Each structure stands twice: as C-alpha cells, then as structure tokens.
Amino acid sequence: MSAVEIAAAVRAGERSARDVVEEHLAVIEAREPEIHAFNYVLADEARAAADAVDATVGRGDDPGLLAGVPVALKDNMCTRGIPTTCSSKILEGWRPPYSATVVDRVVAAGGVPIGKTNLDEFAMGSSTENSAFGPTRNPRRPDRVPGGSSGGSAAAVAAGFAAADLGSDTGGSIRQPAALSGVVGIKPTYGLVSRYGLIAFASSLDQIGPLTESVDDAALVLEVIAGHDPLDSTSISEPARGVRDAAGAGVDGLRVGIVEELADAEGVQPDVAAAVEQAALALEKEGATVERVSVPSAAYGLSAYYLIAPAEASSNLARYDGVRYGLRVDGPDAATMNARTRDAGFGREVKRRIMLGTYALSAGYYDAYYGQAQRVRTLIIRDFARAYERFDALLGPTSPTTAFELGAKTADPLSMYLSDVCTVPTSLAGHPAASVPFGADADGLPIGVQVLAPALGEPVMFRVARMIEEAAP
Amino acid sequence: MLSRLALTDDEIEQLIGELGAILEYAAEVSALDTADVPPTAHPLPLVNVFRPDDPRPGLDREEVLAQAPAAEDGQFRVPRILGEAP
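One line per chain: the protein sequences are L and B, in this order. 1 is the number of the first residue of the first sequence in the working numbering; add one for each residue after it. 1 is the number of the first residue of the second sequence in the working numbering; add one for each residue after it.
FYI, nobody ran anything at the bench for these hints, they're computed from the structure. The structure presented is a predicted model; accordingly, all values stated were derived computationally and were not measured. We treat Cβ as the ideally placed atom computed from N, Cα and C, and that holds for glycine. Possibly wrong hints are sitting among the right ones.
[As the list claims (entries may be wrong)] Some but not every residue of chain L turned toward chain B, in silico, with C-beta under 7 Å:
no.: 1; residue: D343
no.: 2; residue: G347
no.: 3; residue: L456
[What the hints assert, rightly or not] Just some of the chain B residues that point at chain L, by a computed CB distance under 8 Å:
no.: 4; residue: A6
no.: 5; residue: L32
no.: 6; residue: P38
no.: 7; residue: T40
no.: 8; residue: A41
no.: 9; residue: H42
no.: 10; residue: V47
no.: 11; residue: V49
no.: 12; residue: P55
no.: 13; residue: R56
no.: 14; residue: P57
no.: 15; residue: V64
no.: 16; residue: Q75
no.: 17; residue: I81
Starting from the given sequences, assemble the full structure and let the hints guide the process.
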C-alpha cells in the first residue's frame, strides 16, 4: 500500500494504524537481517505512536495528512531520547536532547517513525559502505549496493519496510540511492525544508527530502515537512507551495531541456542515456517540447563540489572533540584527547574529507581551491539561470550507472565520487531535483531519470516527474 | 595539526596518494576564467535574518550533561588545556 492509500484508509477509519505498523514490522523481521537498512528499529515506539493515531481517529479528530504512515528516518536526523549515530562510532550511544523539526512535523501529521536508517558515515559516500555499522544491501539485488549516502533509506522503501522515508541530500545523497534502488527521491529547493536537527555535513548544500514508492507519495510527504522554521535561519520565509495538486496537471506546453553536460557526462552507461531519451520522448507525446541544452559550467560541478563540501565539513565536524557528547579517548591534555578521540571515532572517508577541507581552506591555498570553487559555483548558477529562460524543467540521468557490486569502488575514492557527477551541479545551485524510476538496464537493475527545476520550481518538477512515472516501462 | 586527527603512519601513507588524486581532479576548477565573478558562499540571497529577542527556555542542563563523556558540578570536564597542572 502506498503512503497516500495508507493515510486515506487510516483517516477514514477503514484500517487501523496499528495494523499497518504490524504489517511493516513483519516485513522488517523477515528481511532486515539480509538487507541491514536500519541502525535502529523503533518497534515499540512505532506501536505506541500508531495506537495514539488510532485513538485520535476513534475520537473523531483529524489525525493528520500522514495518519498511520510508517516513516523511516535517516540516522543523521535527531530524535529525542533515541540513538542518532550518523553511522559513526564517534556518536555511538548518543541520545539527542531534542528532535529535528522534520521529525516533529511528521509525528504531528500522524506519521509513525519506524526506524533510523543506515547511511555512509556523516552522509559522506555513494554506496552506504562507509557506515561504521556495516553496509546496506540493495533489496532489488542483494549483491549490489543501494547507493548512498541515504542507502538505508532507499533500501527501507524498496524492501517495503516503510511507506516513506526522510533522507538528506548534499550532492546527490537522496537522488542517487533512489535511482539505484528503484524508488522516487526528491531534493527540494535549498531552504524549503528546515535543517534544524539534521546533523550538519556541508551546510550550504544539505537539504532534507522524501524517498517514496511513488511521486504522489513524495508530494504528500514534502507538503508535511516543508515550510518556514524559525529555528533554521536559512529556512525560506514564504509558505510552501502546494505540490500535491500540481503533480497531476500534465506536461502539455511545458518546455523541457536535456542537459548535455549531464547526459553526456563521463561514464554514463548506454542504458541510462537511452532511458533519459525515452523519458523525453514520452514527455513529447504528452505535449511537452524537448530540446538539448548546454549548461557549460556544470561540467565543473563535481570538482567544485569536492572543494566546497569538504571545506564546510572540516569546519562542521570540528565539534566532535570528545567534550560534549559521544566518544572520548582520554589523553594527558585536551588537544591529545581531541586528536585521539577523532582518530578512533571517524572512519577513513570522513578523515579524507576533513584533511581535504582543511587543506582547501588553509592560508596560501584558500584562493586557488575554495575561493575558485565558490566563483565556479556562481558560474553554475548563472548558466542554469540562462537555461531556465528557455526551459521550464531540465532532464538528465540521476546516476551515470545502475547499482554496482559491493566493494567495486571502495578502493578508489575518486571513482566513487564520480557517482555524483550528474546530481552535484543542481545541488550547488540550490535548486530542486527529483529522481524517478524509469525502466531497467540489461541486468534488470533499476534506472533513475532526474528532473531539475529552478528554485521553488517544485510544482513543475512534480508535473514532469509524475508523467515520467506514468510512462515508465 | 589543524584537523586534530592523530593519524598513524600507515594512514598518512595511504592518504597522501588518495588526496593527491582527488586534489588533481578538484583543481580542474582552475581551468575556468573567473576574473570578474563574485564567489557564492550560499545559494539563497539571505542576509541578517533576525527574530524577536524573546527569552525562551534552552535545553535542560542535566539532560545535556548526561550525554557528555565527563561532567562535574554542572559543567563539562576535560583534561588540562594549558601547560600547568589542574
């Protein structure tokens, strides 16, 4: 059952939320040992939350838009009193004294948090193999990765452990795992969804969004979590625009561009490129016009990203010093204690990014690396603005490849980074983007097509995404 | 030193090669002419976001300190910071 169907049935009193939760917990029990989507399953908490929803329905009160919908939460979102680890040893055992705004909003809308999902440590990675607690496997093909960093999230939805999930996307961490696992993933406009309580990786890029089975489910979840939050100073002050009503409006008359720098990016699998072309044809058949368009500086997106994101991460992760929470490895003085704690607590990829970011920001190199990357970011924003003068939405692949085997890219960090080559440019621009499943490759592995839109262009993005979903083979 | 990581010699050896390859790729940004281009630090044009200066309760001190590796007298406890004995 989809999230939309569950919420409708629970609100109408046709199904109990408790029954829905038990059904999902049974699926988790059967398959979670093989998949490892979760760091923590909230079985008792979910039952209690579901009973509360049923009581609300029983009283004749409105239980909310997400009534009884089991929602998994990426384990970098704070949940009060419930372990929140970022899949890092440095936060093992920590129980946050507050919850993320999105978690409060899901619960207030009758949603039922069902577990905390696995991720690449601190959301740094594209396969979920960088988790300190072991990798997650792809439910479609367990010898393959689910993508990352929201790999546990994508797997939880693909395996039917949860009807919806909240992930986070810094350079593609919602969209790429959605593509590799065959589910829908949405990265909203930067600032549309509050980041309060999302443990920071790269603050100028991080954004929370839904992973779901369908585009309509994603629209429902986005409407619940979007909107201004005084606790996040980067939160957009205008109210969220309706996306549920917009999604079904069709694409007649829309101008859609295929971004050459994404479609022709290095390493794009022929099956994936063909899927983008086929999705474009389907949109044309429904009345959209489709042309190819160049966003020249997008070709430099990944290079700029691997200076900007590590720079921000090296600063954000300075807080893990063994003083206020999490792990401490003692030493004779504070500086030694800090260094020992961080060496023991952080995994290899996190250390790489901290070193890289510290270097890119250091005196003498700042302007050539970080400064130049920020100027390239301006060029990318300008090039997208030029494209959106002629187009309502843009298309490209989400990931250059379909799901790869576990271990295939762990020895070469740069090859892993290239998984994000098609998702990073729009992240740097702060624009929304969606990944929609569209067919499969020769091995039967799911392919994701990416829909890009200008800032706050979620309504048009959902229209295109919904049509691609309907046309999917 | 800046990153406060007590790396082992093996880790350093491996990182040198990996970071070299990553930096070489990242340095491709220098191919673009950005002479008159202002830097973007943030995708939203927000400046000076204010809120009313109303007092609000913060986090509960005991609850926060209960999560600390070491606490004493309502404060975080750390090893000595300067050269002198505690």
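Hint check:
no.	hint	verdict
1	D343	holds (4 Å)
2	G347	violated (11 Å)
3	L456	violated (11 Å)
4	A6	holds (4 Å)
5	L32	holds (6 Å)
6	P38	holds (6 Å)
7	T40	holds (4 Å)
8	A41	holds (6 Å)
9	H42	holds (5 Å)
10	V47	violated (11 Å)
11	V49	holds (4 Å)
12	P55	violated (14 Å)
13	R56	violated (10 Å)
14	P57	violated (12 Å)
15	V64	holds (5 Å)
16	Q75	violated (11 Å)
17	I81	holds (5 Å)
Hint check: violations occur at hints 2, 3, 10, 12, 13, 14, 16; the rest are consistent with the structure.
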